[in-house]
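> Residue 1 is where the sequence shown starts when you use my numbering, and the numbers rise one by one after that.
In short, the hints are calculated from the structure, not lab data. Because the structure is a prediction, the values reported are computed rather than measured. Among the hints, erroneous ones may be present.
To be verified - Calculated cross-link-like contacts (lysine-lysine; reagent style BS3-like; alpha-carbon spacing at most 30 Å): (1) K129 to K63; (2) K200 to K220; (3) K208 to K90; (4) K26 to K42.
What the hints assert, rightly or not - Pairwise CB distance ranges, derived in the manner of DEER restraints: (5) I12 to S204: 19 to 29 Å; (6) Q88 to E141: 38 to 48 Å; (7) V25 to N166: 29 to 39 Å; (8) G201 to D157: 17 to 27 Å.
A virtual CB, placed ideally from N, CA and C, is assigned to each residue, including glycine.
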Amino acid sequence: MLKNLQRFLFEIFLVNKILPFRQFVKWVSTIPSNLPTLLKTKSLGILDEHFGTSFDVLWEGKKLHFDDLGFGVVREIYGHLCYIGKGQLKDATNILDLGGNGGAFTLFSLVEAPNAKIHAVEAQAEVMKILQKNIKQNGYEERVTSECAVVGGFYDDWTQSLLQINPDYPVFDIHHYMSEIDTLDFLKCDVEGGEFNLMKGDLSWTKKVKNMVLEYHPDKGDVKELENTLNSLGFDVRREDHGCLGYFYCTKS
């Protein structure tokens with residue numbers, strides 16, 4: 001019980017750091033009415049749900065506005081720094097965001113790496129529109145290119161359904177992307193299982209990658225095989241399991 005209380009208080013502390021005061025009060029005010037669900041699930045998801053999908057985030061002296069985005073994603077990226085910490089992207093010039101979702105990490109990168117160009121890839125056309133909207137309304141469209149495409153090919157029922165809707169549905173060509181840049185400073189990959197196929201076949205493109213973080217989904221592939229592959233490519237690999245998913249933090253030796 002004490003451990004859960006400490007974790008909950010820590011989460012409140014993180015939210016307080018990234019939300020403007022009035023919006024923080026709004027988020028906290030949903031606690032009393034949702035307390036039974038909080039105690040039962042031990043998850044803040046119910047608070048995020050009631051908070052809404054339009055909000056501001058304070059980050060490195062800048063106010064970022066998001067629409068049509070779940071706040072839980074922002075808590076993970078800006079609060080828990082699940083992909084990369086503060087200051088680690090400051091010298092980056094090229095960043096690839098695979099699984100751009102509504103643009104939370106793309107905007108994080110734009111603030112953290114003031115001289116970088118970011119290429120964001122998202123498989124869902126309707127979500128890509130949200131990403132593009134959030135990038136534009138924050139004034140960063142000149143530093144972002146975006147592409148609606150599947151990462152890793154058509155590897156499961158969901159990606160197959162996209163192919164059935166549109167037989168010409170594009171697959172992201174990472175070799176082509178890499179051929180147009182000198183070095184990729186950071187690759188973030190969160191593609192719901194596509195990471196396993198992405199890291200198979202011709203992996204010569206990884207020679208240009210300095211750092212990458214892969215979110216992995218154990219129900220979609222062989223995690224140990226993926227870890228061995230990353231090690232064989234010359235990366236120093238740190239693995240962190242988080243329940244039903246996990247992360248590989250990879251840095252070139």
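> Which of the listed hints are not met by the structure?
5, 6, 7
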